[in-house]
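Student: Residue numbers (this note's numbering), protein chains in the order written: chain A, 1 to 105; chain B, 106 to 505.
Be careful, since some hints might not be right.
[As the list claims (entries may be wrong)] Computed beta-carbon distance windows for the label pairs:
hint, chain 1, residue 1, chain 2, residue 2, range
1, B, T397, A, R41, 53 to 61 Å
2, A, R41, B, A475, 36 to 44 Å
3, B, A333, A, A75, 28 to 36 Å
4, A, D47, B, D400, 27 to 35 Å
5, A, R41, B, F493, 49 to 57 Å
6, A, E14, B, K252, 46 to 54 Å
7, B, P332, A, R41, 24 to 32 Å
8, B, S230, A, R41, 48 to 56 Å
9, A, G13, B, D278, 44 to 52 Å
10, B, D236, A, E40, 41 to 49 Å
11, B, E162, A, T82, 52 to 60 Å
12, A, R41, B, T331, 44 to 52 Å
13, B, P332, A, D63, 31 to 39 Å
14, B, A125, A, E14, 48 to 56 Å
For the record, the hints were derived by calculation from the structure and aren't laboratory data.
We put the CB at the ideal spot given by N, CA and C, even for glycine.
Here's the letter readout for the chains.
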Amino acid sequence: MNPARPRRIRIDGETRPQLPRHARLRFDDTRQAWVLLVPERVLAPDDIAVEILKLCDGARRVDDIVDALAAKYAAPRATIATDVVALLQDLADKGFVVAARDTAE
Amino acid sequence: MSPSPTDVPPALADPADGVAVLEPHAGSVAYGIPLAVLAELTHRCPLQCPYCSNPLELERARAELTTAEWKRVMSELADLGVLQFHLSGGEPTARRDLAELVRHASDVGLYTNLITSAVLLDRDSLAALADAGLCHIQISFQGSVPKAADRVAGLNGAHAKKIAAARLARDLDLPLTVNAVIHRQNIEQLPDIIAMAVDLDADRLEVANVQYYGWALKNRAALMPTPAQVEDAVAIVEAARERLAGTLVIDHVIPDYYAVRPKKCMGGWGRQFFNISPSGKILPCHAAETITGLDFDSVRGNRSVAWIWQHSEALNRFRGTDWMPEPCQSCAYREIDYGGCRCQAFALTGDAANTDPACTLSPLHERLFATAEHEATAGAAEFVYRNFSGGTAEGGGRRR
């Protein structure tokens, strides 16, 4: 049997996250909510998740995203960083967030 | 909607909580428009699989919706709030206008998934689909052993073409689901099928045991696995899920004949999904036309899709619970599984309102289980192939 080629990426401050082509974030006018469309499923990101995902443009690093949120919210930067990394790592494990190619390795 | 600058973001106990799976109109009484719709663009197909999910009476090419009609339907669906559009068949790539349809779906904001046998795809046609905005491709496989898989498909060389198309899809960065239809004659290949999906760099593998309607019911004796085989398969999938976490997602559809509770078929009849047949009929599932006496509305009539979804007599026939006889009517599970599958109830009992015999509470369950077990051990190996002339028995001499 072939050894599994791990696709898992590790999210850290330097990662430049973006959505792959099979994960599409859009506003659904009918349900008046943001949705993340992925194969066979529709995900309903909450307000914070939407804010984070909108910043995942393949150019910003995770640290930049955390800075942007820290400037906007009163929470401690470390708390925000923990939440952002946890959310992105969870989505990356499911294949719905990838690292921009030029930063790979 | 957007939080003020002084808002404190809530701590995420479980990061997955921030991005929950959206359930279609959970708990609502009205039947909200489905999140996803499946379009059977055509019943034409170069393969002849004996478990084809299309009806025994296939719709002819001349009855198919035109390009303009499909485009109108897609626009209507998007306006209604449908988010995902599965392009299926028959073999959807048999439609010459497929890329045009995918482009239109993308233009109106639908998330597109192509469900294909892939034997008609080459680099150019796949690239055209990717350019048109295709979001995801699902390729069916009949097994992992080329010769045996080609026999099931009824087409020599089919397996090799599928492998080639799957690699091309990944070259184009299209996310890939491998769909493996499982039955007695290929269930022993499961470990190799899992390895094949990994080797093809698939994102997801569907291990889908045959469901016995239409063509598959005709071929049940040749397809039904034994309970022991099904148990082994469950263990193999469980182990693979653990081993391949983060690499490959595996969905497993278990044959319901051996289940205790019936499946909540389609999430309930007409509750969260519909299917459009090649000629435009709106169906609660691909097999619904096997139930006689139901008149399904078509998008070709003068009714809107929204009207049909809310008011179609056939869709309303088995909505809710009022239609249920006993033992379903007083059953604690009646709104959990809705009495199982209407098509299976009709096929096996002659009345679509009866309890699905897959349920242990059905008076027919014991007999069904015994029949399945008997066929699994004594059943013949030969197939009746799917085609437009009512099926063709497998030729003599070519046994495995």
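Student: Now tell me if each hint is right for this structure.
Tutor: Verification of the hints:
B/T397 and A/R41 have their C-beta atoms about 34 Å apart, which leaves the hinted 53 to 61 Å range violated. For the pair A/R41 and B/A475, the supplied restraint of 36 to 44 Å holds, since their beta-carbon distance comes to about 38 Å. The beta-carbon spacing between B/A333 and A/A75, approximately 55 Å, falls outside the hinted interval of 28 to 36 Å. In this structure the supplied range 27 to 35 Å is violated for A/D47 paired with B/D400, their Cβ-Cβ distance being about 45 Å.
One distance hint, 49 to 57 Å for the beta-carbon pair A/R41 and B/F493, is violated here, with the actual separation near 35 Å. About 49 Å separates the C-beta atoms of A/E14 and B/K252, a value consistent with the hinted range of 46 to 54 Å. Taking the beta carbon of each, B/P332 and A/R41 are about 31 Å apart, inside 24 to 32 Å as hinted. Take B/S230 and A/R41: their Cβ atoms lie about 27 Å apart, and the range 48 to 56 Å is violated.
The given range of 44 to 52 Å is broken by A/G13 and B/D278, whose C-beta atoms sit roughly 26 Å from each other. Between B/D236 and A/E40 the beta carbons are some 23 Å apart, a value that contradicts the proposed interval 41 to 49 Å. Look at B/E162 against A/T82: about 59 Å separates their beta carbons, and that is inside 52 to 60 Å. Hint check: A/R41 to B/T331, Cβ distance near 33 Å, so the stated range 44 to 52 Å is violated.
In this structure, B/P332 and A/D63 break the distance hint of 31 to 39 Å, their C-beta atoms being roughly 55 Å apart. For B/A125 paired with A/E14, a C-beta distance near 29 Å fails the hint of 48 to 56 Å.
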